[in-house]
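Number of protein chains: 2
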Amino acid sequence: MDAAEFRRRGKEMVDFVADYLENIEHRRVYPDVEPGYLRSMIPSEAPLEPESYEDVLKDVDRVIMPGITHWQSPHFHAYFPSASSYPALLADMLCGGLGCIGFTWAASPACTELETVMLDWLGKMLQLPEDFLAGTKGQGGGVIQGTASEATLMALLAARCKAVKCVHESDPQRSEADIISKLIAYTSEEAHSSVERAGLIGGVGIRMVATDEHFSVRAETLEKMVAEDKAAGFIPFFFCATLGTTPSCAFDKITELGPLCNAENIWMHIDAAYAGSSFICPEFRPLLDGVEFADSFNFNPHKWLLVNFDCSAMWVKKRTDLIGAFKLDPVYLKYDNQESGLVTDYRHWGIPLGRRFRSLKLWFVFRMYGQSGLQAYIRKGSDELNEALLKEMTHLGRIHLVPCKLRGRFVLRFAVCGRTTELRHVQEAWTHITELQHAASREFHTMW
Amino acid sequence: MDAAEFRRRGKEMVDFVADYLENIEHRRVYPDVEPGYLRSMIPSEAPLEPESYEDVLKDVDRVIMPGITHWQSPHFHAYFPSASSYPALLADMLCGGLGCIGFTWAASPACTELETVMLDWLGKMLQLPEDFLAGTKGQGGGVIQGTASEATLMALLAARCKAVKCVHESDPQRSEADIISKLIAYTSEEAHSSVERAGLIGGVGIRMVATDEHFSVRAETLEKMVAEDKAAGFIPFFFCATLGTTPSCAFDKITELGPLCNAENIWMHIDAAYAGSSFICPEFRPLLDGVEFADSFNFNPHKWLLVNFDCSAMWVKKRTDLIGAFKLDPVYLKYDNQESGLVTDYRHWGIPLGRRFRSLKLWFVFRMYGQSGLQAYIRKGSDELNEALLKEMTHLGRIHLVPCKLRGRFVLRFAVCGRTTELRHVQEAWTHITELQHAASREFHTMW
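Those sequence lines, one after another, are chains D and V.
Numbered per my numbering, the first sequence spans residues 1 to 448.
Numbered per my numbering, the second sequence spans residues 1 to 448.
Next comes chain D alone, as it looks inside the complex (with noise of 0.2 Å):
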């Protein structure tokens, strides 16, 4: 295929894409097949001649339709969104094309200045401390992570490093070994199971904290954990709260638990992978509070900012934490400004050494919606649930509201109406709302 071919074929590909994303509310969201459809339908080996670019596209209706689970559908409400939006697809091809591989400055200077400057963008819009910013001058800043599981792994790691590094610092004589056989990580027993698979990755104890009625982590009970844990012997080294927890989106209170892991010297991470994208609304940045104690943060714009998969945001406080935990510099990869401290090598940042220009498509959402666009896609979601859980009461009958606009917000109005209303109504009223609010949130956030 030639450049002219290319340019057919590739417009083509782009109608193909609008196409099914116009239409896809259509489609069964879920297919309609059994484990090992697949192989029967197409040749046990790859052909030894080329084949025509039309028998191939035939096959992607033919063999790969038929069992794609839609994502993109309307009618999608499993695990979490997989954000998608078209500047953030053509930001995409645009970073296909240019084909270069980030892990250094000098690999693609664009690639990691613009990386660096989107997460400070976006930490702005998140009202992160300055702390968390690269800046100019920084100690912090941000990384592009391909998913949650790897920032919550590097954390971990980085605070591993760092644990190592004190003990051994009052202890020469201990072993990096014997240190990390005692080292433990904390996290909810709501938070996601990649925490865990940290935890194993990492060869570090991990506990599992209690929550309270609501589903939270509290101070108090992981205070008590660590004076547990130390008491036997044990290093307590590494808490990962969850802002948003996967199963019902509960908040641990960071509040709290940040002035114990600074007083403890214990990591705070900060997993909000799915609620993350929230906070750049002013009404949802308390949320965040607490966020200053964190040693790390982290959030997922693929699944809530309209940025297509994979674009995973983490800040660190000191990004010398990360990258000192397993620098190493080849000759093959060194260069002439390495060492000027203006420059950031971001393959010490991740696991992976290669890297894709993903900040392009952060650069085209913040372009094409604006931060007041990105707010109001957030928003959305808040008035729907709200427009949803208006609907359930009136389904029910047993209360009844009427809704308003208030700049341009839909809210539900609650107005003490009846002559013969009292107190205990308004109370009923209102356990009622909460039960059902809470029901619909559930089933509104398995959506993110």
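Simulated from the structure, these hints should not be mistaken for laboratory data.
Treat the hints with care, since some could be wrong.
Derived coverage of chain V by chain D (criterion: at least 3 residues anywhere in the stretch with Cβ under 8 Å from a Cβ of chain D; other residues may be distant) [said to hold, decoys possible]: (1) 20-27; (2) 35-43; (3) 46-54; (4) 376-382.
In silico DSS-like cross-links for lysine-lysine, where the CA-CA straight-line distance does not exceed 27 Å [as the list claims (entries may be wrong)]: (5) Lys165(V) - Lys182(D); (6) Lys124(D) - Lys58(V); (7) Lys182(V) - Lys182(D); (8) Lys318(V) - Lys58(D); (9) Lys165(V) - Lys318(V); (10) Lys165(D) - Lys182(D); (11) Lys165(D) - Lys182(V); (12) Lys11(D) - Lys11(V).
Please read these numbers as outputs of a predicted model, since none were measured by experiment.
The beta-carbon is built from N, C-alpha and C at its ideal position, and this holds for glycine as well.
Given chain D, put chain V in place with the hints provided.
Chain V in isolation, oriented as in the chain D frame:
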């Protein structure tokens, strides 16, 4: 941006990418920018209101292009090749449009099943032993990792888990931490830095094995180290062999090393990240002899097989070794067919949970080039190497020979022509050619 605008902008982007790739050789391949150049060229915050797409595209030319290291330029000879082809770009557009996340079979059956079958196709192209293929009831199989670094890490972690279980069975009193503290991994002193890094992440000891005069690890050397380490109470558990080292494309002698590793119960992983694509040609396949002794094997189609980054192909002989290491099954990822034994859940095979539909790229490339086209592409490199060698010989003028074409391949003909030519002249010529070939090969292989 609505679908109609995406159709228009997408087609413009196709032309943008085609224009870029058609004219890339006229661009300066390494950018002329100083560290920090980009930050001052764009605002310090995301715009509050949406901007026009024209403005974004103008900034791609103004801000991004001056800072790009053009990996797709024919003048790019640094690091390794970042593969790119039009069929792979089209497949990536489709992948972006579908926007599905294939972490379990149910999350998108086609995404999982095509990956399994494409890795079987590719395994057959490499003539991998049957053990490595999934087939319909094999115990092995392939997976797409993002990078070779991740494949090496996964192999090391699986080997660590297996070693711990094995030692623990024979000595149940021994703690996991104590066992891990005694584990030793080995790799060539010429191996890629990612192997040492995997050891650091896995928290195990890692020893660099000295190489012979061809920069190859030999069994004799490893055998001695293993014996010494065992005598000192350590537990050798993992050896990462390299086929095609980064500095000089040297090959470890896996036909010797494999039996040693098997006898010593050491997991042998083979990293053929950049040389591996050549094994699809029968004339290069002998370089892979000995793979039958390996537990896992990896190479990067995204380097030399026309598949855009990221696509690192990994095979294991026993799936259970890999997935058993970290299998965690939270309720929200459970589904009906999970326990049937027919399905593959790739989330257990790697670090990230989320995964894009990367096998589409393999499928498009295999079908649009055919095995013959891919072999021709690999051989094009060899022909060019021979041509470069001949040119250098001619330039130096010490010996003279002419080329020929043999079944389409560029071959160097060496005829004994002179009346006065003696054995020593032939020997001198051979030494001269060999020296030049080493120099040319070193230079040539920095391309891959």
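Here is how each hint holds up against the structure:
Restraint check on the stretch 20-27 of chain V versus chain D: 3 residues with Cβ-Cβ distances below 8 Å, three needed, restraint holds. Residue count for the stretch 35-43 of chain V with a Cβ under 8 Å from a Cβ of chain D: 6. That meets the three needed, and the coverage hint holds. Evaluation of the coverage hint for the stretch 46-54 of chain V: fulfilled, as 7 residues show C-beta separations to chain D shorter than 8 Å, against a requirement of three. Coverage of the stretch 376-382 of chain V by chain D is violated. Counting CB-CB distances below 8 Å, 0 residues qualify, and the rule asks for three or more.
A threshold of 27 Å between alpha carbons decides the hint, and for Lys165(V) with Lys182(D) the separation of about 20 Å falls inside it, so the pair holds. In summary, the hint linking Lys124(D) to Lys58(V) is supported, as the alpha carbons are separated by about 25 Å, within the 27 Å threshold. Proximity of Lys182(V) to Lys182(D) is assessed by CA-CA distance (about 16 Å); at most 27 Å being required, the pair is judged to hold. Between Lys318(V) and Lys58(D) the CA atoms are separated by roughly 35 Å; this puts the pair beyond 27 Å, and the hint is violated.
Under the criterion of a C-alpha separation no larger than 27 Å, the hint pairing Lys165(V) with Lys318(V) is consistent with the structure, at around 15 Å. About 14 Å separates the Cα atoms of Lys165(D) and Lys182(D), which keeps this hinted pair within 27 Å; it holds. Between Lys165(D) and Lys182(V) the alpha-carbon distance is near 20 Å, which keeps this suggested pair within the 27 Å criterion. Note on Lys11(D) and Lys11(V): the hinted pairing holds, with a Cα-Cα distance of about 5 Å set against a maximum of 27 Å.
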